[in-house]
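S.K.: As they're listed, the protein sequences go chains A and B. Per full-length UniProt numbering, residue 1 is the first one in the first sequence, and the count goes up by one each step. Per full-length UniProt numbering, residue 1 is the first one in the second sequence, and the count goes up by one each step.
Please note that a few of the clues may not be correct.
[Unchecked claim] Computed Cβ-Cβ distance ranges for the label pairs, DEER-style:
(1) Ile263/A <-> Pro33/B: 35 to 45 angstroms
(2) Leu72/B <-> Gly87/A: 19 to 29 angstroms
(3) Arg62/B <-> Arg269/A: 53 to 63 angstroms
(4) Gly145/B <-> Ile56/A: 50 to 60 angstroms
(5) Ser107/A <-> Leu113/B: 49 to 59 angstroms
(6) Ala81/A <-> Arg62/B: 23 to 33 angstroms
(7) Ile229/A <-> Ala190/B: 45 to 55 angstroms
(8) Val18/A <-> Pro6/B: 47 to 57 angstroms
(9) Arg151/A <-> Ala77/B: 22 to 32 angstroms
(10) Gly19/B <-> Asp88/A: 10 to 20 angstroms
(11) Asp142/B <-> Arg82/A: 28 to 38 angstroms
(12) Arg82/A <-> Phe115/B: 27 to 37 angstroms
(13) Ser129/A <-> Ala77/B: 49 to 59 angstroms
(14) Leu113/B <-> Ile229/A: 49 to 59 angstroms
Hints were generated in silico from the structure; no laboratory data involved. Quantities reported herein were computed from a predicted structural model and do not represent experimental measurements. Cβ atoms here follow ideal geometry from the backbone N, Cα and C, with glycine treated the same way.
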Amino acid sequence: MTEMLGYDFMQRALIAAVLVGVTAPAVGVYLVQRRQALLGDGMGHVAMTGVGLGFIFQTSPVWTAVVVCVLGAVTMELVRARGNQRGDLALAMLFYGGMACGKLLVSKSAQAGAGSLESYLWGSILTVSPADLAAIAALGAVVIAVTLGLRRQLFAICQDEDFAKVTGVPVRLLNLLLAVMAAVTVTVAMRVVGLLLVSALMVVPVAAAQQLTRSFAATQAGAIAVGVIVALAGVTGSYELDVPSGPAIVLLAIAVFAVFSAIAAPLARRRHRGTPDAGPQVCDVRLPDPQRADAATPAPGAGLAQ
Amino acid sequence: MTPPTPPAVRLHDAVASRGGRPVLRGVDLTVRPGEVVALLGANGSGKSTTVKAVTGAVPLERGGLDLFGTPLARFRAWHRIGYVPQRTTAASGVPATVREVVSTGRLPLHRLLPFRRADRTAVDRALAAVGMLDRARDGVADLSGGQQQRVLIARALAGSPDLLIMDEPMAGVDAASQQVLADTLRAEVARGAAVLLVLHELGPLEPLIDRAVVLRDGCVAHDGPPVPNTGLHALPGHDHVHPHADHGHDHERIRGLLS
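With the rest of the complex left out, here is chain B:
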């Protein structure tokens, strides 16, 4: 018998605060290889902080974090993690091409050595996976929001990660890019990668998701299979108000069915 593979992420009893205000009050989160876990919750529930804690950007005051079985303090295999931060644009003060941005995803692999053909091939493959290979020479500032998001995902894929972490990948993304994103995720999971997604609602990714972890006020309120077709809306205490009042009766119907 081979020893069981350790989980990609094991966050245990995580307590963290930002600006003196407690944001995580004891969060447990485990993501196993090949698993797609969605992190859900209202604004301010601690979703983004949890992801930042997993990437080591927010220090834990209590609790522990193991990545691939290694405690964070000793973890060096950052090339195994592909991170897609939450953002509105991939552009900066100086023009940069799609290829240049995606190439930074190879940095943990080639480090100080020159960029080789293998790196270039990996960048091409990542760009092809998100359908942006034909835009490789274009400036990122000339792309739409959805296309920029695809570039950021390609950047995370360029290092062939074993764990993909995405913070709100669907925010401001058009329908075509959402489909590309869902297909890309499916291919990555088939390859054996683990995926941790922060989502506002399950939406078109729902069929891919193995487990939903719902946060409320920095605590885990639900950890289990996603509630079909509803996402956040059916969860207790959810007071999300849609701007389109004419769909209100649908909410009522679903709530009626679940209660």
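For reference, chain A alone in the conformation it holds in the complex:
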């Protein structure tokens, strides 16, 4: 266990895991709040075109993926904001177009080997280069600064967009910013959990944390804690057991979700019993005489009858 910390590649892998464990749930909590849990999945598909472009131009796929993903995210946000009836079809075009285009570009590139795209689809954290890590750290820092620094504003637009508009909050700008942050997170997490599983790390820790929480702040904090723990445990397990890191992290996150849901009900019962004014355990209210029941409830036209 301690000997793995001696390797450079493991140190890089663990740092990348912590960054992804923080950023993915920090953004994901807003997407779940707005019931857009699968948005990250779509962006993962779009990012494949970016990876393909990186292969073609022989540059770091992280940066080309950021550019393509941000463009895709802005398009998705504009479609959503218009409230277009055919919006879901437009998104389908974008998702599948992005995936198909990515595979096509990779097949035409010089490094069209069998395992090349594979490592971006499922994650291969143990091959993160120092340059990759620098990019992940810089992008992750921006995402963390925005999602935690603007949490009241982002909470407001995701909780109730109509209300937020009337408070003078720049709703359109913040929506775009959130979409861009989700896009950046997808590329940050790409090397760690892979494009096909990126959305899981945005959604599953949030789903797990909210089994036990009542407030948004606690949900976000809990989701980040779950994200970091499963990312670190997944990378360690990946090293010890020689399995890919992405699937290991995601399965651990789902296991945490299952445990949290199992203990949620007993915990809620105990918390309820702790409240002093919870009222009597059983109903001891005498029901009114059935003949007089309808006199107690005001009829809709009661104002007229007076």
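Chain A is already provided as a structure; the job is to place chain B on it using the hints.
M.R.: Same frame as chain A, but now just chain B:
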């Protein structure tokens, strides 16, 4: 002499359409400080669109809107407006406490600055006004419909607005919450706030209302004191059918008295 204070809302000859269909065909609406105006009308008469036009959510094709004497395009003092949108639930995909939801009502005041003690006090005061302070730490999803509506009203009150806009605040609200709402409105008006309410019928708020504006097919059909005890029912062309047929004779009696 001080110059007269401008009206909180001055909507003039407003024309708007939604989805290509004209919904407002020249609506005039003025709400002065300290005044409670009820916006009445049948479904589809343009009540909600009028309110959305007043909040700037629906653009006007013709006509103008001044808020506190400032044209909409130049209006920035959104903290002076407390808005209670029409909705059935305050819950979203992630749990949130009553306090968290009400705190968003302070955003126009603290903006990017941290949430201070003054903000917290204002949130407490707003929660106390609607009788929900003891539920501040509870999740909004665990509340009844009437309690959720009270939370949304507290959110609008948190910024101590000079104009309260409420879209169907009585929809799906139990009798106890209706009473709380009426008391809250009375206190806000005493403070000098203007109130614009969209209502289906006057109901328990009737004694508070200074003026009723009735819309029909996107036009103002009546602008004046509310017709006592009747609300919409006595207005010409009203064909509201109640499910309780045994009260029908009351309608007939009132119509007979008014004709």
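S.K.: Now look at each hint and say whether the structure bears it out.
M.R.: Right, here's what the structure says about each hint:
1. Ile263/A <-> Pro33/B: 35 to 45 angstroms: For proline 33/B against isoleucine 263/A, whose Cβ atoms are near 54 angstroms apart, the range 35 to 45 angstroms is violated.
2. Leu72/B <-> Gly87/A: 19 to 29 angstroms: holds (28 angstroms)
3. Arg62/B <-> Arg269/A: 53 to 63 angstroms: holds (60 angstroms)
4. Gly145/B <-> Ile56/A: 50 to 60 angstroms: Given a distance of about 56 angstroms, which is inside 50 to 60 angstroms, the answer is holds.
5. Ser107/A <-> Leu113/B: 49 to 59 angstroms: holds (53 angstroms)
6. Ala81/A <-> Arg62/B: 23 to 33 angstroms: Cβ of alanine 81/A to Cβ of arginine 62/B: about 25 angstroms, so the range 23 to 33 angstroms holds.
7. Ile229/A <-> Ala190/B: 45 to 55 angstroms: With a Cβ separation near 54 angstroms, isoleucine 229/A and alanine 190/B satisfy 45 to 55 angstroms, so the hint holds.
8. Val18/A <-> Pro6/B: 47 to 57 angstroms: holds (56 angstroms)
9. Arg151/A <-> Ala77/B: 22 to 32 angstroms: holds (25 angstroms)
10. Gly19/B <-> Asp88/A: 10 to 20 angstroms: Between glycine 19/B and aspartate 88/A, where Cβ atoms are some 19 angstroms apart, the hint holds.
11. Asp142/B <-> Arg82/A: 28 to 38 angstroms: Given range 28 to 38 angstroms: holds, Cβ gap about 34 angstroms.
12. Arg82/A <-> Phe115/B: 27 to 37 angstroms: holds (33 angstroms)
13. Ser129/A <-> Ala77/B: 49 to 59 angstroms: holds (53 angstroms)
14. Leu113/B <-> Ile229/A: 49 to 59 angstroms: At roughly 33 angstroms between Cβ atoms, isoleucine 229/A and leucine 113/B fall outside 49 to 59 angstroms, so the hint is violated.
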